[in-house]
Amino acid sequence: MIEKISKLSGYIVEVPGHAFNRNDFSAIKNIEFTDKLMPGWEVFSLSSQVPFRNEDILHAKPPYFYPIVVRRSGNRAMLVSTTRRAIDELINKELIRTFGYELIKLKINVDEMVRGIVALPGDYALSHVHAMLSFGSELRSASFYGDDLGEARFLRSNLGLMNFTSCGLKRLNADHEILKIGYDGYLSFYFRGIVSLKAVEGALKYLSASGYLPIRMMEDI
Amino acid sequence: MKIGATPSFVTLAREPSTRNFSIRLSTDFSQIVSGWTGSTRLSQVFALTDPYSTPLASGFRGKWQLAFLGPLNPYGIVPYIPATACVWLGLGLMNIIVAQQNARGVKKLRAACKELGCAVEIWEVTDGIVRDMKFKPESAEVAVPDMAKLLEITSPPALRAALTEYCPMIAAAMARGRLLPKRIQVGLQRAHATFANDLLSSKVLSGDRAYNVLTQVLSFHSGLSRFVAQTLVGVPPISATESHYWAHSFLGMGTADIALWNICHFLQEKLGELRIPERLSALAETQNSIDYINEITAANLPDYLSEAKIKEPKEESVFQIPFFSSRDGYTSKSTTISAPISAITGCNSMRWSLLTVTHEYIHPIIQEILRDILPNLESEAELASCCRLLQGQTGIAIGDQTKAAVRAGPTVHAETRRLILMSMLMIRDLDHKAPSFDIMKITPSNVVALCEAYEYDVEETLVHLVDFNYIYQRKPEYYIPAIWTSWGTVPNVSSRVAEYVLRTVIAVASKNLRRGMHVALPIARDEIKQALRTLQQSQQGGRYVSKALAVVEDEAQWAGIVDNALACVPLMSLAANILFSEKLSGEIHSESKLGGSTEFGGYKLKYLEMDGSVIDNPLLFISNFTAHEEPSAAKSAWLLSMLAYGVTGA
Numbered sequence: 001m002i003e004k005i006s007k008l009s010g011y012i013v014e015v016p017g018h019a020f021n022r023n024d025f026s027a028i029k030n031i032e033f034t035d036k037l038m039p040g041w042e043v044f045s046l047s048s049q050v051p052f053r054n055e056d057i058l059h060a061k062p063p064y065f066y067p068i069v070v071r072r073s074g075n076r077a078m079l080v081s082t083t084r085r086a087i088d089e090l091i092n093k094e095l096i097r098t099f100g101y102e103l104i105k106l107k108i109n110v111d112e113m114v115r116g117i118v119a120l121p122g123d124y125a126l127s128h129v130h131a132m133l134s135f136g137s138e139l140r141s142a143s144f145y146g147d148d149l150g151e152a153r154f155l156r157s158n159l160g161l162m163n164f165t166s167c168g169l170k171r172l173n174a175d176h177e178i179l180k181i182g183y184d185g186y187l188s189f190y191f192r193g194i195v196s197l198k199a200v201e202g203a204l205k206y207l208s209a210s211g212y213l214p215i216r217m218m219e220d221i
Numbered sequence: 222m223k224i225g226a227t228p229s230f231v232t233l234a235r236e237p238s239t240r241n242f243s244i245r246l247s248t249d250f251s252q253i254v255s256g257w258t259g260s261t262r263l264s265q266v267f268a269l270t271d272p273y274s275t276p277l278a279s280g281f282r283g284k285w286q287l288a289f290l291g292p293l294n295p296y297g298i299v300p301y302i303p304a305t306a307c308v309w310l311g312l313g314l315m316n317i318i319v320a321q322q323n324a325r326g327v328k329k330l331r332a333a334c335k336e337l338g339c340a341v342e343i344w345e346v347t348d349g350i351v352r353d354m355k356f357k358p359e360s361a362e363v364a365v366p367d368m369a370k371l372l373e374i375t376s377p378p379a380l381r382a383a384l385t386e387y388c389p390m391i392a393a394a395m396a397r398g399r400l401l402p403k404r405i406q407v408g409l410q411r412a413h414a415t416f417a418n419d420l421l422s423s424k425v426l427s428g429d430r431a432y433n434v435l436t437q438v439l440s441f442h443s444g445l446s447r448f449v450a451q452t453l454v455g456v457p458p459i460s461a462t463e464s465h466y467w468a469h470s471f472l473g474m475g476t477a478d479i480a481l482w483n484i485c486h487f488l489q490e491k492l493g494e495l496r497i498p499e500r501l502s503a504l505a506e507t508q509n510s511i512d513y514i515n516e517i518t519a520a521n522l523p524d525y526l527s528e529a530k531i532k533e534p535k536e537e538s539v540f541q542i543p544f545f546s547s548r549d550g551y552t553s554k555s556t557t558i559s560a561p562i563s564a565i566t567g568c569n570s571m572r573w574s575l576l577t578v579t580h581e582y583i584h585p586i587i588q589e590i591l592r593d594i595l596p597n598l599e600s601e602a603e604l605a606s607c608c609r610l611l612q613g614q615t616g617i618a619i620g621d622q623t624k625a626a627v628r629a630g631p632t633v634h635a636e637t638r639r640l641i642l643m644s645m646l647m648i649r650d651l652d653h654k655a656p657s658f659d660i661m662k663i664t665p666s667n668v669v670a671l672c673e674a675y676e677y678d679v680e681e682t683l684v685h686l687v688d689f690n691y692i693y694q695r696k697p698e699y700y701i702p703a704i705w706t707s708w709g710t711v712p713n714v715s716s717r718v719a720e721y722v723l724r725t726v727i728a729v730a731s732k733n734l735r736r737g738m739h740v741a742l743p744i745a746r747d748e749i750k751q752a753l754r755t756l757q758q759s760q761q762g763g764r765y766v767s768k769a770l771a772v773v774e775d776e777a778q779w780a781g782i783v784d785n786a787l788a789c790v791p792l793m794s795l796a797a798n799i800l801f802s803e804k805l806s807g808e809i810h811s812e813s814k815l816g817g818s819t820e821f822g823g824y825k826l827k828y829l830e831m832d833g834s835v836i837d838n839p840l841l842f843i844s845n846f847t848a849h850e851e852p853s854a855a856k857s858a859w860l861l862s863m864l865a866y867g868v869t870g871a
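Chains as they are written, first to last, in this note's numbering: chain C, 1 to 221; chain R, 222 to 871.
Listed next, the in silico DSS-like pairs over lysine-lysine satisfying Cα-Cα at most 30 angstroms (straight line):
(1) Lys-696/R with Lys-205/C
(2) Lys-7/C with Lys-696/R
(3) Lys-180/C with Lys-696/R
(4) Lys-205/C with Lys-750/R
(5) Lys-198/C with Lys-696/R
(6) Lys-750/R with Lys-198/C
It is worth saying that the hints were derived from the structure and are not from the lab.
Next comes chain R alone, as it looks inside the complex (with noise of 0.2 angstroms):
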């Protein structure tokens, strides 16, 4: 089955003047935007052929039976659909369209579909003008959830005034949702379950706990109406639902959602479910010397987060709900999850790539560590902690660059908190031009305004060592043309070059920490510069691979850069030593269908063709699929479906 290259566009509208839907197959986009009326509705779809026919040249003349059906494997189909049917593939949730003129060959359809577990609609199309519709009647048992405790609270207004929005936006989407995979079913109920049982335990909350919440809740709120906008629209009753994604308004997104659900859950079971803050908490308890843990260059460093017991989680965790948005490009919170919409036609491409989600998806782990190991600010008690932590050592050992004696901290997670804090030091000092804190004087309000100052730059940091380290597998010739390609999409970088180039020099160089910075420094230099220069040449790096190669190449920026990396050698160790495991890593990167050519990494797969295949592993897919090549809708159509239908287990 191959997916046709170029897309088509399937509009519904009322006919002028009469209550009839009208349905219209064209490839002039510019046309139809221009004899837009109020109610156009409009999706992008791909004609798949091999074995099917020829797809209409224009329109539906003659009478026609169209089923709309999903979601599913495209592939699933062939036993049920004769080769005469003309066939498309679409993004949402009903992502096929058959188009019959044998009425018996409906039949066999429904037959199908019950088969398959997909839900289905014919519409009867006589010249392009609708005239029947035919789909089951909703269910009477649909599971939503009781919403009468959350609307019991009353204090403070606004969280009520937000929870009057957001209980109908959670039934409507268990409500429509039964279409839906039943994991995602279930990830939606366990979202939920989150606020209901743990944020809003209480009927009144007060003081900053109210505000947090409220604030939880918007975010969340935001998050899944976004979600419930592309996903659970173009469902039976088709014509009764819209999206306000207009160029998906007709059937919605429901099919790329189901893809980026599917990475964030493969990420979810492979690196969330590694439960790292847990383990380094763990840590926190267990009594080993880690005296040596400052000599970075030592080979004997046992790897802590998998030797660190932890309980049984009581409760899943929570699962964040992803969504297209294109105000928020790629951004995480701690219940959501947001790629940008021009993925949908365009994550074939490198400047698009879906891949990007996994720097997005580390963020709340990072946060919840540096939660855990940061001191709370208004304790007394854990700021003197700090204090004692900094002041127990001079210096810090950092490759060729030792400096004087060192003595680390009790535990591995002391030792976390002292390398954190440490750095934080260095960077202050860098920015003042000066040692800032005299670290035998240190008092509470310095660490305090430390951590106030540079939290942000930390977690920034520890993101990228930590996607460096455990999805890039440290390849520097990966993960330098990723993220500088991804980074071409985002606006505000232009003024901060230095800073990114920063970020993936303190990436790269940690690859190399045991052989020292004197090492490792200039090898992430002449590994940037080659990865940006082969960049620039395929012009396919984006707007600001000159200016980055620029600032690698300039010696006196160059300086500059080395000093700040400097500054974060504490944080690289961390990572290094501390956070990464290559024994718990080794799971995101499995997978058992490999055995084709090495053109795609071994997958024996081909691009728009779907022949059954299935992956284990969507990011190693995405990898081995996303290529530096201008955006392609149809490719990406075949990635988001791959991605959807095609994971074993999903």
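Okay, chain C solo, but in the shape it has when bound (with noise of 0.2 angstroms):
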């Protein structure tokens, strides 16, 4: 269902007072189980009659299908999927339904989180950040990509001009990006089989130890 190399993007959501598990997916009409990836991680399938990726210029018909991965935690759920509109399908319509009210998306001070890890770096790097610059119209904003960005002192030294709106993080030593995250809560990461999931959770923990999501997140595992 997910291909070997797949880039997943969604967000975090809560729902007060109500422990997640798998029956609020699985009641869901147009949602099935269909996998189990690891500890805390299930694939579900989503079908729709909106293409969400443009299927239908490829004269594909309706119903169309996207994974979902779930990871439960608690109150809290990652949610990610092939295309974001999936996720949001699925939060904005079909939980929903299923709860009655909406859920909540866990927003993130990434600039925060940007100045912590530029301040006191650990284990993991920045490999990308997005800001918002503070000149006016003609210069809005700026992305900068790299191996270890708070090691730059050129972003080191322009720190006050910037206000940090997504950033990427990787292990220190490791080629790949684990997880990009916005200021929205949207997060995204490249799906390469279970040693990608356990590097999405080993760096949500490190964020969430480090006090920079607002939750307590993957304390289950």
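Each of the two chains sits in its own frame; use the hints to bring them together as a complex.
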């Protein structure tokens, strides 16, 4: 169901006072449980009449199927798919029907997170940052990519000019970026098998333990 | 235009019992050597094809017009030489040989050389015998500097004797050097002026000063004589000179020396002209508070060097004369710099990579810094100030291993001195397995002992750190294979592998200094292990790789490396926080001639092909076209020709 290497994206959501379980998803009419990737990680299949990835251009007929990867942790769940539109559909329509109210998308203070990692670097490095700049409309934003952006003096000496809105994290001596995170709670990563899921868990645990996430995440692993 | 992958050898020798020269072409090196006579000279050449004819199978049967021309970019001759000609690329100053049977072609060639501004010598050859040699007579207007002042120096006698050798040497270099590119002629003049104006400004020198000058004269003379013997031979009249580097005795190694010169010139322009020692020295007057510099993890340290105010230099800096040497390998002195002669036929291979010259280039920079920073060991006042500096603090913050309270020196310059002395002290404690001096009671004689014992260690460590930061851009994946492969050719590393591992660890760990050594050292260990394993598998890493890997993998030996690396944390901090300027380093890596595939880092060039493409950045070019492979004479000739004639502004 999930290609060997797929980009997955979505959000972390929260339902106050309710611990997520598999049935919350299985109960939804057009969702079906398909697989368990590793403890805590499940894959469901969402069928949709709407082509989220413009499949109709290739004359494919509905329904269209999208994998929904769910990582549950207490009353929070990370929901990601091969297209963010599938997750939006799930959160904004299907799960509202189940719970009767809108789920809370967890916002992440990326700006504070980036500044924190720059000030006190640890086992993880910033591989990407996007920032809004405070110059005016002529120059609004900037993106930086690298192996360890927090160690670039150029970035450090210009922190005052930037308001970070998204960032990417990697392990210090690894080649691949593990995870990208946006201020609106959007996150994405490349699925490259179980190893990549473990890496995502590790990164979220690190961010959580360092106080950069507004919640404790993955504490049950 | 393509360079043939198989080298040929062109020989010049007197015909037995005659005064005639014969010229031959062969691919059988051992046959050439076994037929060697007292007059034989030899050079390696490579056939140029596309658009040129397949080269002659053997000899020059029939009647031929042979033209030796150079120094120039081989691609520059394409519009002037018909495709029917046979053309070879050599490594001498006269780097192109053209063989034609049509005498009219020679006229065109002469006109072309005039247009291209290069020298030419034409030989008429019949059945391999040279019947005539035509060259432009030497001009009477040769700008040989006035040596009278130098020859007036009478004392000490040893200096007088050295100058008697030196003066004709520099005069010969200037006289023959008229064929060299203008900037090299100017470089020679500048180097000579250093002696004439600065070192030897007085007619009578005495004491240590005289012997310091003598050492420098001898060192410069030794480098210059090799440069002349390699570069300024095989030039018109070609038959009148020979190089005593016998494998290049016919046409010399001028192209290789120009290539080396261009690399050093680039380093001088991009790294030397940053004038790091002067900037650091200027920070002695900067009274800004730097109390926080001990906080190695601080995110907001300024880019000190780029902020240092330095004055425009009154004189241009002295250029190091580059040369190849089988004895010296990669070494540098204040006025000379050498690369191993094996690089001429093997610089395509990491083992003999010309990038290693950067390490040698940095040595004099660090020496100058240490001369400025370390105290004058004969000055009581300076030694006393060092004691006060050290007594002013009782510990140093080393990431997670923060010790007691810290107070830094009053300026960046003083802090630099303190960091160096602290590191010396920590290394000494390790050597003695106990604190050797009570820091609060440290005496001037203790400081003398520290400087005398550890200046060399500090210099070598700082050279590695500066090389890693400025040249290798803090990329362990490039740095580790580069240094270990090049060390594979050094004979005396075998018994000191752990010491070389330590140098590698210090450089690589400095990248993560702000994370603390508890993170930096294990990561450095992993990176080094991974790089050494890859080298081991490639079988191109040289003979010490397995031994080095064993040192890194062995827990007991690693523990020793960790202790020694911790003693060098002040040096890591100095290199990362003071000596490295991100702002100033940018130019060293800039290149406007990219745009090709990623295979060669964006360069559009291909091995052995010359299409008129040029490069801006010799260092980037070398790092992209030097591989973990066996040495190849043809690829090396291509690399050297590109570096000699394909660098913009050169």
